[in-house]
Structure formats: C-alpha cells, structure tokens
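Trainee: With the sequences and hints as input, model every part of the structure.
Sequence lines, in order, name chains A and B. Here the first sequence is numbered in the working numbering, starting from 1 and rising by one per residue. Here the second sequence is numbered in the working numbering, starting from 257 and rising by one per residue.
No lab work stands behind these hints, which were simulated from the structure alone. Heads up, some of the hints might be wrong.
As the list claims (entries may be wrong) - No more than 30 Å apart at the CA atoms, straight line, and that leaves these computed lysine-lysine pairs for DSS-like: (1) Lys276/B to Lys433/B; (2) Lys142/A to Lys79/A; (3) Lys428/B to Lys123/A; (4) Lys169/A to Lys368/B; (5) Lys79/A to Lys368/B; (6) Lys169/A to Lys142/A; (7) Lys428/B to Lys410/B; (8) Lys60/A to Lys368/B; (9) Lys410/B to Lys433/B; (10) Lys433/B to Lys368/B; (11) Lys124/A to Lys79/A; (12) Lys276/B to Lys410/B; (13) Lys16/A to Lys368/B; (14) Lys368/B to Lys66/A; (15) Lys60/A to Lys142/A; (16) Lys79/A to Lys60/A; (17) Lys124/A to Lys169/A; (18) Lys433/B to Lys142/A.
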Amino acid sequence: MTEMITFENVCKSFGKTVILNDFNFRVMRGEKVAIIGPSGSGKSTLLRIIMALQDIDHGKVSIDGKPLWEVNHGRHLVKPTRRHLRDMRSLVGMVFQNFNLFPNLTALGNVAAAPRHVLGLSKKESEARAAALLAQVGLSEKLSNYPSTLSGGQQQRVAIARAMALEPKVMLFDEATSALDPELVGEVLGVMRDLASARDLTVLVVTHQMGVARAIADRVCFMEGGCVVEEGGPEALLSQPKNERTRAFLRAVHLA
Amino acid sequence: MALIWQYRFDLLVGLWWTLKLSMMSASLALVLSMFFGIARYSRNPAIRISASVYIEFFRGTSALAQLFWLFYVLPYMGVDLTPTQCAVLGLGLCFGAYGAEVVRACIEAVPKGQLDAAAALNFSWFQTMRIVVLPEALIMMMPLFTNLLIELIKATSLVSLITIPDLTFQAKAVITKSYSSGSVLLTTLAIYLVISLITSTVMKRIETSLSRGRIAEGVK
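Mentor: Structure (structure tokens):
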C-alpha cells in the first residue's frame, strides 16, 4: 500500500490563530478517512490545503508521493508553478458544504464544464460523460435543470458528479451533508457510500455528523487544536473513545 | 405646438445626434468598463495599477472639463480630433471609469465559494472569469449599467458646448430663432424622458433574458 496524502510537520496560522500545529498525518491509497472535531479545529483547513486552495506556513505536504509546495532552503516555501499546481489539483476533487454549483449552468453544464474546458474533450464527449455521472448519482431526469430548481440534496449530488468528472484519485468532502435538511442527508450519503466502495479512490470526509463517519470511514480521526488527538476504527473511536477530550466532544455531539 | 411642428426638423436632427453619440460613447464605455473592471483583478500588478489610475482620474475630473480639454487643448499638442471624436472619446472615457467600478463591484459580489469550486476544477484565470464569474456578475451589473446609460444619454447634452448639434444644442437654436422658450424646452425634456424610459425598458428585457432559468419556478 502506498501513501496517498502525507503531512509532515505542517504549520498553518491565520494571523495569531494557530490552525495546524506541527501536524503529521498520513492517508493510504484507497483509504476512507473521516475527520471529526469541534469547529475551528482545523478540519476544513486541512482539506483546503490538500485541494491547494490554501497554502501552508511550513512543513511538507505530499500527494501521491509528489510534494505540493516545494521546499527551498530550510523553512522557506516556494510558490508552486501554475503547471505544478494544475497537475496536483488534477489528483484531487472536492465537494463543499454549500454545494457551490455554478447557477448560470444547468446540472449537465455544471458537470460537463471541467471535462470540456480543462480536459479539452469535445462538447459531445463531455456531455456524455456528464450524463453518465449524473445517472450514477440518480439525476438522469434533471440534466437540464438549473441549480435553483433543485433541492439541496440534488444540488449536492450534482456537485459530487462534477467533482468526479475529472476522475480524481482523492475525493474530499467538506461537511458535504451539513447544509442539508435532515431528510435529504440520506440520498447524498448513499451516493457518497457508492463512491467510497471504489477500492482505489481515497476519500477524506470532514463532518460533525457521526452517522456520516460511520457510514463511510474505515478510520476516524478526532482533531482538536490543530492536532489529531485520537484515531481508530469507527466503532472503537465513536463508541469507546479513550481520550478524555474525544469523550467530551462526543458527549456534546450526542446531546445536541 | 404649431411652433414645435414648424421646427420639427431642427429637433429631429438634434435627436439623431443625441442618439448617435449616446450609442457610440456607450459602446466605448462598455468596452472600457469591462476591460478595466476585470483588469483590477489581473495577476499582473502593472495592469492592476494602470486600471486604478485610469478609473480614479476619469471618475475624479469633470466630464465637461475633459471634453473641453480634448476639444481645445489637444489641437495645441498637434492632435486634431473632430468634435464627434472628442465627444465619443470624452464621454466614453468618463463613463467607462464609472462602469469599471460597477464591473469590479459585481465581480466581487460573486460568492467566493464559486471561485473555490472553479479552482478545485482546475479552471484557469480566464476560464474562471468567462465560465463562472462574468455570467453571474453580468446579471448584477444590468440595473447599474441601466443607471449609467441613462446618465450618459443625459450627459450628451454637454457636447452642445463643443459645437455638436445635439438635442440640447438644437433646442437652444430653436429658442433663439423663435423667441419662445417654454414649449421648446418642455418638448426637449419630454424627448429625453421618452428616450430614458425606452432605454430602461429595453435593459430590463435584457436582464430578464440573461437570468432566464435561474429563478426557481413559482418564485417569479
């Protein structure tokens, strides 16, 4: 098994707020990892760094064995070239809490946009790929719908199809079911679970819904204060946490 | 009314000039607004700074002074422009600066999440602008552009001061010829009003067609 995502001694602060503090983290190829923890614990920043939407202060991040931010002499980081950034981003797909669909494009247009403009496929090929993906997430009927005419669950399924359209090796879900009405969580979770069944796809899920972590992950990490405090299999960690902070967090979540 | 009918051709010539100059300077202003509004987002600092200089300069000086400068001063520097060229350039540059700020503000109003999504999909800067940002910003720009366009149409009356026979110029000429100001000025006002009403109706149509499909059914 090879390492897909590696964080070595990564630090990241926003002003005086320390988000990641000498952070070490590894994800193997094909592994499904859920990250839980209180808000402000650095979970989302972690995903944004992997997607290269956010830079780091120092340390080393590698994806599929290649460093994301080149290290120059000592602790100074060199901005990656645009080409390197493109290559790295093409390994990763991301689904956001608020869907972030393009409102001026139909469901089909949203999914077809990247294959068409980034991979340079023909209009026909990219739309065929988009239609197949939308069928996979159960939205064959909604190809020509604009996002504003879709429910939250449907919008998020379009967003998942859109992220899959570039055939990433890593999929990131940033609170993908948190903005949904409770009765819509199931349909999105179903799609996520289908995706996670693909053996080669590495999946990282940030969530505060323990049901999502249980359904997707084969490893759950509890993050707090910019560190992984405890990790383990979903049953072990969620039912019998060893660390006091994990226990306190889970108690708070279950009460809410 | 008989008086107006008697001088109808003078006023029609004026109307023609006003419409022609409005169209020409609005087209120039639109191109400049888009270019400099987007240039404020360029990754190249030199382009960003020149856009800011242009906007601040033309927004911060009076349109009339700009027109006079083009018309009276440039010839001394060896640049001879026709009055029409002066008018189109002057109004275009001035309203282009206002428009560029509209473009900038609307680009900024596109939710940041859309930019994250575009970056995650590996869109280039140009693709992000063309596919994601501008189609959305354009809809927000429409009401503001309508405002500016109406402002511009009315500002064309300034060109009467650089010898162009626009509606205001002709109205003044008719007043001189006829020794009667009340009905002529009233007619002139009415014509400006009708032009701007037609303009705002047409712009509203364009806005509606741009946002087609994006408003949830039932929420009209």
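Trainee: Between lysine 79/A and lysine 368/B, is the straight-line Cα distance small enough, at 30 Å or below?
Mentor: Holds, because 22 Å separates the two Cα atoms, which is no more than 30 Å.
Trainee: Given the proposed pairing of lysine 79/A with lysine 60/A, does the C-alpha separation stay at or below 30 Å?
Mentor: Since the Cα atoms of lysine 79/A and lysine 60/A sit roughly 13 Å apart, the hinted pair holds (cutoff 30 Å).
Trainee: Is the straight-line distance between the alpha-carbon of lysine 428/B and that of lysine 123/A 30 Å or less?
Mentor: Violated, because 59 Å separates the two Cα atoms, which is more than 30 Å.
Trainee: Assess, step by step, whether the Cα of lysine 124/A is no farther than 30 Å from the Cα of lysine 79/A, and give holds or violated.
Mentor: Not OK: lysine 124/A and lysine 79/A at ~37 Å, beyond 30 Å, violated.
Trainee: Taken at face value, is the distance from the CA of lysine 142/A to the CA of lysine 169/A at most 30 Å?
Mentor: holds, 27 Å
Trainee: Does lysine 79/A lie within 30 Å of lysine 142/A when you go C-alpha to C-alpha?
Mentor: violated, 41 Å
Trainee: So if I understand the rule, the pair passes when the alpha-carbon distance is 30 Å or less; does lysine 433/B with lysine 368/B pass?
Mentor: Not satisfied, since the Cα-Cα distance of roughly 60 Å exceeds 30 Å.
Trainee: Keeping to a limit of 30 Å between CA atoms, is the pair of lysine 410/B and lysine 433/B held or broken?
Mentor: holds, 24 Å
Trainee: Does lysine 276/B pair with lysine 410/B here, judged by a C-alpha cut-off of 30 Å?
Mentor: Holds, at roughly 13 Å.
Trainee: Given the hinted pair lysine 60/A and lysine 368/B, is their alpha-carbon gap at most 30 Å?
Mentor: Measuring from Cα to Cα gives roughly 27 Å; hence the hint holds.
Trainee: For the pair we were handed, lysine 60/A and lysine 142/A, check the Cα-Cα distance against 30 Å.
Mentor: Answer violated: lysine 60/A to lysine 142/A is near 42 Å, above 30 Å.
Trainee: Can the restraint linking lysine 124/A and lysine 169/A be considered satisfied, given a maximum Cα separation of 30 Å?
Mentor: holds, 25 Å
Checked against the numbered hints given earlier, the structure breaks hints 2, 3, 10, 11, 15 and 18 and satisfies all the rest.
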